[in-house]
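Based on the sequences and whatever the hints tell you, model everything.
Residue numbers (the working numbering), protein chains in the order written: chain W, 1 to 314; chain X, 1 to 314; chain A, 1 to 314; chain Z, 1 to 314.
Among the hints, a few may not be true.
Unchecked claim - Derived contacts from chain A toward chain X, CB cut-off under 7 Å, selection only: (1) Phe36; (2) Arg265; (3) Ile295.
What the hints assert, rightly or not - Okay, the calculated bits of chain W under chain X, using three or more residues with CB under 8 Å as the criterion: (4) 14-27; (5) 34-45; (6) 179-193; (7) 210-222; (8) 242-253; (9) 267-274; (10) 286-299.
For the record, the hints were derived by calculation from the structure and aren't laboratory data.
A virtual CB, placed ideally from N, CA and C, is assigned to each residue, including glycine.
Number of protein chains: 4
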Amino acid sequence: MSDKNLKDILRKVNQFKITDNTDIVELINSLKDTGFNAKRLALACEIYKEMINTLGCVKFFGLAGALIPAGLQRVVYDFINEGYIDVLVTTGANLTHDLAEALGFQHLQGDFDPNGLDDKYLHREEINRIYDVFMPNKVYEGIEDFVSKLEIPDIQMSVSSFLKFVGKQLPKNSYSVLRACYDKDIPIFCPAFTDSGLAMQLGFHNQKLNLNHFKDMLEMVNIAWDAKLAGMCIIGGGVPKNFIMQSLQFCPNSATYAIQITMDRPESGGLSGASLREAISWGKINEKAKYSTIISDATIALPIILWFLKKTHK
Amino acid sequence: MSDKNLKDILRKVNQFKITDNTDIVELINSLKDTGFNAKRLALACEIYKEMINTLGCVKFFGLAGALIPAGLQRVVYDFINEGYIDVLVTTGANLTHDLAEALGFQHLQGDFDPNGLDDKYLHREEINRIYDVFMPNKVYEGIEDFVSKLEIPDIQMSVSSFLKFVGKQLPKNSYSVLRACYDKDIPIFCPAFTDSGLAMQLGFHNQKLNLNHFKDMLEMVNIAWDAKLAGMCIIGGGVPKNFIMQSLQFCPNSATYAIQITMDRPESGGLSGASLREAISWGKINEKAKYSTIISDATIALPIILWFLKKTHK
Amino acid sequence: MSDKNLKDILRKVNQFKITDNTDIVELINSLKDTGFNAKRLALACEIYKEMINTLGCVKFFGLAGALIPAGLQRVVYDFINEGYIDVLVTTGANLTHDLAEALGFQHLQGDFDPNGLDDKYLHREEINRIYDVFMPNKVYEGIEDFVSKLEIPDIQMSVSSFLKFVGKQLPKNSYSVLRACYDKDIPIFCPAFTDSGLAMQLGFHNQKLNLNHFKDMLEMVNIAWDAKLAGMCIIGGGVPKNFIMQSLQFCPNSATYAIQITMDRPESGGLSGASLREAISWGKINEKAKYSTIISDATIALPIILWFLKKTHK
Amino acid sequence: MSDKNLKDILRKVNQFKITDNTDIVELINSLKDTGFNAKRLALACEIYKEMINTLGCVKFFGLAGALIPAGLQRVVYDFINEGYIDVLVTTGANLTHDLAEALGFQHLQGDFDPNGLDDKYLHREEINRIYDVFMPNKVYEGIEDFVSKLEIPDIQMSVSSFLKFVGKQLPKNSYSVLRACYDKDIPIFCPAFTDSGLAMQLGFHNQKLNLNHFKDMLEMVNIAWDAKLAGMCIIGGGVPKNFIMQSLQFCPNSATYAIQITMDRPESGGLSGASLREAISWGKINEKAKYSTIISDATIALPIILWFLKKTHK
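Below is the structure:
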């Protein structure tokens, strides 16, 4: 590496300023030339924007973590509704919470130290804790009621087909992720579906149900296979990250854009915290890809990215 | 809380000493009266020991993370072989790596900074990185070869039945987790099985395969339902943690013992990092349960726990 | 706790929406009724706002971490200039980097994977790395030149008096933290001053220098002692956090407002990651205090807080 | 990089086994050829062993974090007493807690969830919390009593000289770090000394005290300057890490061995979590150095390293 190269590679840090006229676009543009996670957040915004603007790019979105109970249902809804997602991979828990909100139930939150409420007391009151967010047990009764009335068209349909079927039953004017994906014809994959409250209710009521998980797997590979260009945004790692990644190995060019927002780190070897760079060795991300990992709670980073995208993408 | 109570609750910190005669049992006993994660590790050892010694306690073991590529296959093998596990819940990735080792393939490691090896170069050399551990692509050919010869008895069998069938095909004298569970008649549940290299090969070779994930889910609930006493050891969170937890809600007494080893934390609301105390609100762990979370890489903590258990449990 | 209480404590999660009209104030207000770190960020904004609006509240600001090299010099400058800080406690490193920028030197950043630049190569090129931000060695020559010309009025003055003296020498129109504090007559405490490049240059040039650290300590206690109301904002923990905390034990009411932004966690017992709640036991924060810890990189959270404060505080 | 190189660099992962005959030396030797933090722990053991066995290597030990309250006083004592440390750099808090134990006071611990004890109640009972370890306020009275009787020989002596003087006053048969360093003539540097309970008591009783921090700084540089070979072990980062690092820039060969044990990570740019590799760019660690960072609570990793060293170093 010559001196000339070094000058090209290293640029002045931008000592940016917040002014009366600062808006989200200007802030993100300012952060691009800073350091640490502020810069990574700005790069992620840039990459997502380019991913949206690139014709034919298939945008995979992996969603783990309890974002819907935490109040981000409409943020995820907007990603779908605005066309920022082509394929959604998520957890059964997220779908269960989404369904609960769609059915008119609400998650609760408390305005105090998370240790203030005794978990034994909550148990007796039949209120379940997700850190500082809470879900009453009676929500499950509502889900059970909904599930018991479902007339499942095919007990061996794929999970994604089943989720589409569920989405169709939900109120049109809700901010449900399930409904929005149905409306937009966006497939939802949920490889660990049976690891959820929704699937448990389904299983209890339909002892012969055998939703075909392998069909989903093959469909997902086909989508990747057919994608001329691919990009991904990974929230929180987990099964959604791996499922997208394993499929993109079959994409002719693998991923050209990649974003992940996580609190996990690489050093203990789990996939959730693995660097995106590592995915190049596997052929999940291509050598020329643009990628950015933000070490941040997604409840902070994801609304900012959405805000930036809505302002820049018309 | 009266003064008397405070004296009972707070005890002198043990300023322990490492001597020529220190062995693992003495060390762990010393750490019980210290603080921070050293104490939590000692408590976890104690809890696991009690769990083993309690007649009729069903021991659930959740295994996420890349422990087998990192050299802990025989550690997990010993947990099974020694009778420390009654039900194993794990990821498809772990099973894929386990199968690879059972078929005679090896994982590799490098003795240098993880950044030293360029991922683009690795890609061209067809070597996949898992932080500082590596798996050549040719391993997949071996797995494909194995999979292509499998005569699956029932394409709608449960995943756990299928994994038992796979275990039976593997060499008896290996340290394979799949084989050990077959030999010991310990069920392996893998709710996100299709999220793995092994399942992909299976799906490619058997387009009609539809392993019944719901059957697994119901079986797991039945095991929990029938357990008079239950305990769990969770490595790394993820789907295995949630799957065990959701089932234990149906155990009459929920869990009486709980250990988790993870680098994840509660603050961003994901289940992997959720406190065990929180599980009391859900009825997954009972109010009188003994529990301990160790914030540690499992590659450090798990061998220590095994070492302690093998020395104390005869 | 009665049912009535539970209803008061637990409120509906706000499924907020980003619209065309969203501004930073509305966003933060929306996040107040969500969960996880988004909520904590919103609470921190609220608390800081109240702290500013409370007459007579002395606002302590603890600044650890490399914010100035990362491009946040003007953000910190604005906190000072807008009157959001009454007492600054920071590290010698931050002051060294602030001085460098004030003298016209620049920090550099690279737009690629942090592993892309070999550290051995950087060493030969005399460029020092701070993760993805860089400082050429020649900056030290500039600092040395500045230091060699200083005519220190009293070799036994306190560190804070010395820093005021330094601030006075710096260009008026800079965004230097040192200069801004001089202009606003805000004391800067730096308990570990000799742990910095600036102090090393000073020591080499003034072998008899003995800046009085104990004087600073007593002055800081006096400020706390005299404060009718006190609040603190802690960035990153470290010595600044502890120094503010130990002084507030002597504040008649201890702190009434407390914010911390950190990536550290409580479980391994270090003060940087300690919960703010724990500070109540020590009498550093009072029983009725409002407090919020945000688990976030400060490069993301701090500009957002500033943005909110500038918009709401006129 | 040729194929031949790759074979040299990547070696088989050791699927190690815990047997009846496993001792700490065998375990560590097994872990050397594994992955993730288990491997890093084994490498750290190896590096420390080599550092001890290398004639003329000056061993710097940086100690941040609350290890003494957590029960590791005798572990640190042994590192000193066995000759594994030549220069100690630590925090004022550690020295305060060390003094407390040396004066016969005790730290307390509770055997329950850290959230079980209300901090407001603790405040009223005058018991201070350090996560799950506790220190009664009356300890400060004991320290005050000790401090008030000290006849400080020179109010402008260096902090390290003062700490030597304190060590001399302490009981010979204690496991005090201060006393052990006095006995072994090992300097203790404490750059942020005034950031501690001990220094506060000193300052209150000796209003004219002006311990010379710059003298320490210059002495530390001289020690580094004179070191033909240097190594370091960093516990927890903070000021001790930076102070050792800044001095080693003046060591002709900079550090040849480096170990750090921390829970901090590099991504948010703070020095505590900075990679050791990064220190090469600064000339703090040399290009041929052996180094290992263990992401672990030091309460787990440090006793293991000591155990290994005591068994292998006779």
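Which of the stated hints cannot be reconciled with the structure, identified by number in ascending sequence?
4 and 5
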